[in-house]
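Number of protein chains: 2
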Amino acid sequence: MVEKLTPMSEDFNEWYTDIIQQAQLADYSPVKGTMVIRPYGYSIWENVQSYLDKKFKETGHQNAYFPLFIPNSFIQKEAEHVEGFSPELAMVTHAGGKELEEPLVVRPTSETIINHMFAKWIKSHRDLPMLINQWANVVRWEMRTRLFLRTSEFLWQEGHTAHATESEATEEALRMLDIYSEFAENAAAVSVVKGIKSANERFAGATRTYSIEAMMKDMKALQAGTSHELGQNFSKAFEIQFSDEENNLQHPYQTSWGVSTRLIGMIIMAHGDDKGLNLPPKLAPHQVVIIPITPNEDSKGLVLDTTKKIIAELGQSFRVYLDDRDNISPGFKFNEWELKGVPLRIEIGPRDVENKSVVFSRRDGIDGKFNINFDDISSKVSETLDNIQNNLLESSKNFRKENTVHVDSYEELISALNGDPGFVTCFWDENSDDEDKVKAETKATLRCYVLAEEKTDKAVNNENTQGKLAIFSKAY
Amino acid sequence: MVEKLTPMSEDFNEWYTDIIQQAQLADYSPVKGTMVIRPYGYSIWENVQSYLDKKFKETGHQNAYFPLFIPNSFIQKEAEHVEGFSPELAMVTHAGGKELEEPLVVRPTSETIINHMFAKWIKSHRDLPMLINQWANVVRWEMRTRLFLRTSEFLWQEGHTAHATESEATEEALRMLDIYSEFAENAAAVSVVKGIKSANERFAGATRTYSIEAMMKDMKALQAGTSHELGQNFSKAFEIQFSDEENNLQHPYQTSWGVSTRLIGMIIMAHGDDKGLNLPPKLAPHQVVIIPITPNEDSKGLVLDTTKKIIAELGQSFRVYLDDRDNISPGFKFNEWELKGVPLRIEIGPRDVENKSVVFSRRDGIDGKFNINFDDISSKVSETLDNIQNNLLESSKNFRKENTVHVDSYEELISALNGDPGFVTCFWDENSDDEDKVKAETKATLRCYVLAEEKTDKAVNNENTQGKLAIFSKAY
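Chains as they are written, first to last, in our numbering: chain D, 1 to 476; chain F, 1 to 476.
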């Protein structure tokens, strides 16, 4: 039974968790802070995986699998890394009925174990670049958790690469940022800003962290993917060396990059509305739901036969789901599939069969209900799904634009951020203390410096300096 | 550089680990008993996954993801289950810098956590059957480990289902056994026996355990997949109840079933030889390797151009790899790709270009080297890969037949098993003590009762009873 969804305007957080539970995307598990990803939610993740995995492979990366458990001493090897991750570690101390000599860390990320192996595998410049990706679960013991956005265990992919030169590593980190951004816009239909993080927000152990930042419908920022340049930090800590063409030993330059099941949270919060989920066709488990309307027994057989023929045709090219449950009213089904965010609904009743047409209804509400002739169904489904996909991206783009303001002074920055405006941009002179001050006064953080913007201007926090264009916002 | 492979006949175990290391399938990790699956090995696993995942979905199963950590109290709920798994558990006792109130078990299998959730999700007969699968890592703290076959952490899939009646659960368990058997024979090209386990070898908590058993080249048995009927053991322990059509509360009947990265070990040991791996085309990362032969600079461009054209054509339908490394001799490359088990090698040199033909060479050695005209390449690749696939299965089938003996008395059974014969079949009267005795005297175990064989006959361990046809063998 469909329960009442808390309206978004009333309580955004309640609305978010209501959708997840009612659309059966995920459920709370008995272990605090962890979640169960239910089939409908997992199917979105499978579509994310298959889209990204193809891009990774096209750009020369290979998948591999590294152990879940990491010796505690490994985590200690890179100074900033250990500082960043120690508070969140889960530790295995006993196994096989005995206490372990050295506790094992359940991986929070795999730089340490992977670079330990790289040290064994990388000997010569001919072994470079080494381009590895892993799809895996990781564990970070979070105090305040939220389904999909921040859970003690989550699923992700983590790319780890090694290169002969710094410029190749930079190129790689930016290439993967581009893949994430292309995915966000073209698959998830979420407009994102590509940026570089300030030192405060950098990954523990990185020399540069790039990210894509999206705006959710409550105007908060969501960091949707990150790509890091690690410099030689890990290759020195783990003694990875290769002999270059002149036979000199060198430490490679490295990158790592990842996206996680958090992306599902992004999709919910970027497109959803008071009716529920609103899925982009490219990632929707069902792109089309077909609901036969059978008000009387006489025509039921004819309607169901016709429906079957339509499904046989559409099933070739689209992910189609038939909802032929008995004893459930069409109205109830409409609500349920709107809640579940299926992009396109097709109804077919006795009158439609007579008229050799069906009724289309878009989840995004555009065009209301409209009739499509039998002969045109396939082409119209294709066209409509494309339109929905584009429309979602356009809406996301416009929403961010409408909720971004630019300020020219520090006072304006603070007052704008305290007014819940969405993104606030300004020219900023990198300064950790100033960032902390803004955070203390407004709860907002420096999300990123905008990569596309090369222009500099007088910094709001230091009028004697040229600042870079920065985005401040409250964030998930 | 290709090192010397220990000959199979000299030391089977050394041969096995040599192949894994030299073909870069996997590597030892710094945590005892765990392994790193390298890209070449992982790619085989991806092919296994994609083949099976399709079959699971075609039979109505949906993927989901359940937490890695299970409260210790959950494991205790099903009496036989806890007895079977407690010695192997890895425990998280500290997280986020604090000692946990209740230790968390790192999942050795997920019956307990999944059935806890099923109790929440299953209310009515309309919720049944519930057909869930999970691809995940699991941890079992093993004392004696071996790459792919027995590691402290491994990758697998675990199916978990709930049904209204016992007969539906039986049907499901057998359906999944059939899927495993179909995979083993048609994808992995390994002939298997479908059987049912004796009480001694049953899964902890199951009422019936079915398995597929394969014979490795050292004539030992390998259990390649299992499918369990759980009866109402877990549904009672976890209080899963549904109201049937008459509104009476009932406990569902359940199944679980799984295969793991152990399958890669099976593929190595069923097909490999003294040259290395010998991969079935359906699961090989590269089905075809193309090696241009460029003895002089004059013809090099022409050879490479022709090779590119051939790859463009073949790449449409096959997984093709081009080995155009410079400064490495063709002979070295031949050895390396034989070691890596690529089913078909194509050479193309200046004379071949002149003759508008290429040279085929099958990894299984059949037909030696033979010429194929340019025009026929695609169809001949297809035909040859099919032949290789069928030939591997035939060899596996014959090898098992040749190394299976039937005995009619207990004395013959013991003496046969002590003579390293492969599989020994006999009619057997279910009896745990007698099984233990055989194991003590021969190290062999009752692998399974053969499902296909309905005939009974005088039991070797009890001449007054009709026994079922059983297979005894040493096993991995």
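Don't take each hint at face value.
Identical copies carry no separate label here, and so any pair may be met within one copy or between two of them.
Claimed, not checked - With a Cα cut of at most 30 Å, we get these calculated DSSO-like pairs of lysine-lysine:
| hint | residue 1 | residue 2 |
| --- | --- | --- |
| 1 | LYS282 | LYS55 |
| 2 | LYS308 | LYS55 |
| 3 | LYS57 | LYS282 |
| 4 | LYS300 | LYS455 |
| 5 | LYS123 | LYS275 |
| 6 | LYS98 | LYS77 |
| 7 | LYS54 | LYS333 |
| 8 | LYS54 | LYS380 |
| 9 | LYS220 | LYS275 |
| 10 | LYS54 | LYS308 |
| 11 | LYS300 | LYS369 |
| 12 | LYS98 | LYS32 |
| 13 | LYS397 | LYS54 |
| 14 | LYS333 | LYS194 |
| 15 | LYS333 | LYS401 |
| 16 | LYS54 | LYS282 |
| 17 | LYS57 | LYS309 |
| 18 | LYS458 | LYS120 |
| 19 | LYS333 | LYS120 |
| 20 | LYS455 | LYS356 |
| 21 | LYS123 | LYS32 |
| 22 | LYS123 | LYS333 |
| 23 | LYS443 | LYS236 |
| 24 | LYS120 | LYS4 |
| 25 | LYS120 | LYS275 |
Simulated from the structure, these hints should not be mistaken for laboratory data.
Status of the hints after comparison with the structure:
1. LYS282 / LYS55: This pair counts as both: shortest intra-copy Cα distance 15 Å, inter-copy 23 Å.
2. LYS308 / LYS55: The answer is between: 23 Å across copies meets 30 Å, while 35 Å in one copy does not.
3. LYS57 / LYS282: both (19 Å within a copy, 20 Å between copies)
4. LYS300 / LYS455: neither (66 Å within a copy, 50 Å between copies)
5. LYS123 / LYS275: Cα proximity of LYS123 and LYS275: across copies only (26 Å, versus 57 Å in one copy).
6. LYS98 / LYS77: For LYS98 and LYS77, the Cα distance is within 30 Å both inside one copy (26 Å) and across copies (22 Å).
7. LYS54 / LYS333: between (35 Å within a copy, 28 Å between copies)
8. LYS54 / LYS380: Intra 28 Å, inter 28 Å, cutoff 30 Å: intra and inter.
9. LYS220 / LYS275: Answer is within; shortest intra-copy Cα gap is 21 Å, inter-copy 59 Å.
10. LYS54 / LYS308: between (33 Å within a copy, 22 Å between copies)
11. LYS300 / LYS369: Only inside one copy: LYS300 and LYS369 sit 22 Å apart there, 64 Å across copies, limit 30 Å.
12. LYS98 / LYS32: both (26 Å within a copy, 14 Å between copies)
13. LYS397 / LYS54: within (26 Å within a copy, 37 Å between copies)
14. LYS333 / LYS194: neither (40 Å within a copy, 44 Å between copies)
15. LYS333 / LYS401: neither (35 Å within a copy, 57 Å between copies)
16. LYS54 / LYS282: Both: 14 Å inside a chain and 20 Å across chains, each within 30 Å.
17. LYS57 / LYS309: between (37 Å within a copy, 22 Å between copies)
18. LYS458 / LYS120: Intra 49 Å, inter 59 Å, cutoff 30 Å: neither.
19. LYS333 / LYS120: between (57 Å within a copy, 23 Å between copies)
20. LYS455 / LYS356: Cα proximity of LYS455 and LYS356: none, with 59 Å in one copy and 59 Å across.
21. LYS123 / LYS32: This pair counts as between: shortest inter-copy Cα distance 24 Å, intra-copy 44 Å.
22. LYS123 / LYS333: Only across copies: LYS123 and LYS333 sit 20 Å apart there, 61 Å inside one copy, limit 30 Å.
23. LYS443 / LYS236: neither (37 Å within a copy, 50 Å between copies)
24. LYS120 / LYS4: Close across copies (20 Å), not inside one copy (57 Å); limit 30 Å.
25. LYS120 / LYS275: between (54 Å within a copy, 25 Å between copies)
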